[in-house]
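First to last, the protein sequences are chains G and W.
Those letters in the first sequence? Residues 1 to 257, by the UniProt record's numbering.
Those letters in the second sequence? Residues 1 to 290, by the UniProt record's numbering.
Hints are supplied without guarantee of correctness; some may be wrong.
Example chain W residues on the side facing chain G (calculated, C-beta under 10 Å, incomplete) [unchecked claim]:
hint, residue
1, A55
2, L58
3, A153
4, F157
5, R160
6, N172
7, A177
8, L179
Read the hints as simulated data drawn from the structure, not as lab findings.
Since the structure is predicted, the reported quantities are computational estimates derived from the model, not experimental observations.
Think of the CB as a built atom: it goes at the ideal place given N, C-alpha and C, for glycine as much as any other residue.
Next come the chains, spelled out residue by residue.
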Amino acid sequence: MSDLLSIEGLGISFGGLKAVNDVSFRVRPGEIVSVIGPNGAGKTTLFNMISGVYLPGAGRVMLDGADVTGMEPHLLARRGMSRTFQNLQIFQSMTVLENVITGYHLQEKGPVVADILGLPSSRRRARKAMAGARELLERVGLTRAAEREAGNLSYGSLKRLEIARALALDPKVLLLDEPAAGCNAVETEEIDHLIAEVAASGVAILLVEHDMKMVMRISNHIVVLDHGEKIAEGDPATVSQNPAVIAAYLGAENAHG
Amino acid sequence: MSELLQFLFSGITVGAVYALVALGFTIIYNASDVVNFAQGEFVMLGGMITWFAHAQGLPLPLAALIAIAATAALGVAMNKLMIEPARGAPVVSLIIITIGASIFIQGAAQLVFDKQIHSFPAFSGDDPIRIGGATILPQSLWVIGGALVVFLALWLFFTRTLLGRAVLATSNNRLAAQLVGINTNFVMTLSFALSAAIGALAGVLATPITLTAYSVGIGFALKGFAGAMLGGMGNPKGALVGGFLIGLFEAMTAGYLSSQYKDAAAFIVILAVLFFMPQGLFGRKSTDRV
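Kindly generate the complete structure, drawing on both the sequences and the hints.
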């Protein structure tokens, strides 16, 4: 099958420091690719370039065969790229349900006049979005929190809310930045299942995650970054045996105790 | 008693104008957290352009329509030329830019039009309507009706339409809004157009009562701002109630104290709100997650 997302020689510098340098890899439909590496390896920076938050200094991002390098996030969203953030980007003062409904922004679009007058077509769209949003909340286990203000949720719940909102866009490519951070073991396992399920439906998933057990368990393919460079890639078994990876990543982790 | 009623009527009339200005503040604030101090100039332009077009021989409704459309276009230009290029600047800088825009528009109006005081005929004549010993002008009813209609339309827009929700989403979290596919630049442009059109409408409705000149904008801006603050920034209901309360407070001050202190009323309200309830009557407490 052809690549859904292909990263070609991507790089960026901040004040002379190469935060990410010449990174290439690709993600196929239904595949889960994880980007790992020690803190400061450039994982989130890489994500920010792919999702249009930063303009890459070098290289290309290809989405479904089209060059989308440096395209603004809202246009990427329209082309089927959706993402979550390590430090959460939630509509804090909306309810949980409203957050997810906002994710239906693109699919639900109709004439403003129809909405104001409350025409049947508009109500039908709103009902559809509402039903879809409730279903997604059930999938991520937030049904009971639906009417609560998002700002009052626990960190782990917000993580799942962000995933639900990202899924509301019905993405072709889903970028998840540390989806399990701050979640307990049970929640992590739930997120595991959720990600596997989404991938099984044909979505290409790119994942940054610190929880190594989770990464090893669900990834098809792992890309290892260190100091902004790709030092290894392959399936979980290969990568975990790679001496360079052990030195850079696991070694560094052990050294910190 | 009839005296009190008279003050009430005049308070509600100016209050409706302030409510319209406050609603204009609300829209831009909702989209961007920016308090647009050029909002008063939109009111001025609404009145001045209508006067000018009417004086050129155009029928009043057409003149008013032109004024509202032209002011909306100016609002869009202001966003494109002044606010958008400064995207990413702190909100305070953007607010200062709007003050600059306000001074610029005022100066330009002085050059393009003149420095005289102008008016145009009231829409439904000048015969006062008698109610319980007091009188109210038909034009006052136009102003009050205008404020209520705009409020209702905005309320429907923000609660019912997807676009309205996109505006709220943009103010709530711009990056998250972009992530779900909202074109936040378009939302900003739309907000400025709407705000400017509402401001101009206020000018069109109020001018037969309050008269207009190139310099009236600042007064409207400050009092509308006081109303928006009192009601709670960003809340359409708050803007409506706050605007009317400022108008009433002003009319009572003028009636029972001295009309010299009339303009001080709004400032006292601003100070009192800032000291005692910064979130206003209907505002939410803001809680930032760290």
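Hint-by-hint comparison with the structure:
The beta carbon of W/A55 comes no nearer than 35 Å to any beta carbon in chain G, farther than 10 Å, and the hint placing it at the interface is violated. Checking W/L58 against chain G: minimum C-beta separation of about 28 Å lies over 10 Å; hint violated. Hint status for W/A153 relative to chain G: holds, with the closest Cβ pair at about 7 Å, below 10 Å. With a cut of 10 Å, the hint placing W/F157 at the interface with chain G holds, because the nearest CB-to-CB distance is about 6 Å.
A cut of 10 Å between beta carbons decides the hint on W/R160: the least distance to chain G is about 5 Å, and the hint holds. Satisfaction of the interface hint for W/N172 is found here, the shortest Cβ-Cβ separation to chain G being roughly 4 Å, below the 10 Å cut-off. With 10 Å as the threshold, the beta carbon of W/A177 comes within range of chain G, its nearest partner Cβ sitting at about 8 Å, so the hint holds. Evaluation of the W/L179 hint against chain G yields a held restraint, the C-beta minimum of about 6 Å falling below 10 Å.
In this structure, the earlier hints numbered 1 and 2 are contradicted, and the remaining ones agree with it.
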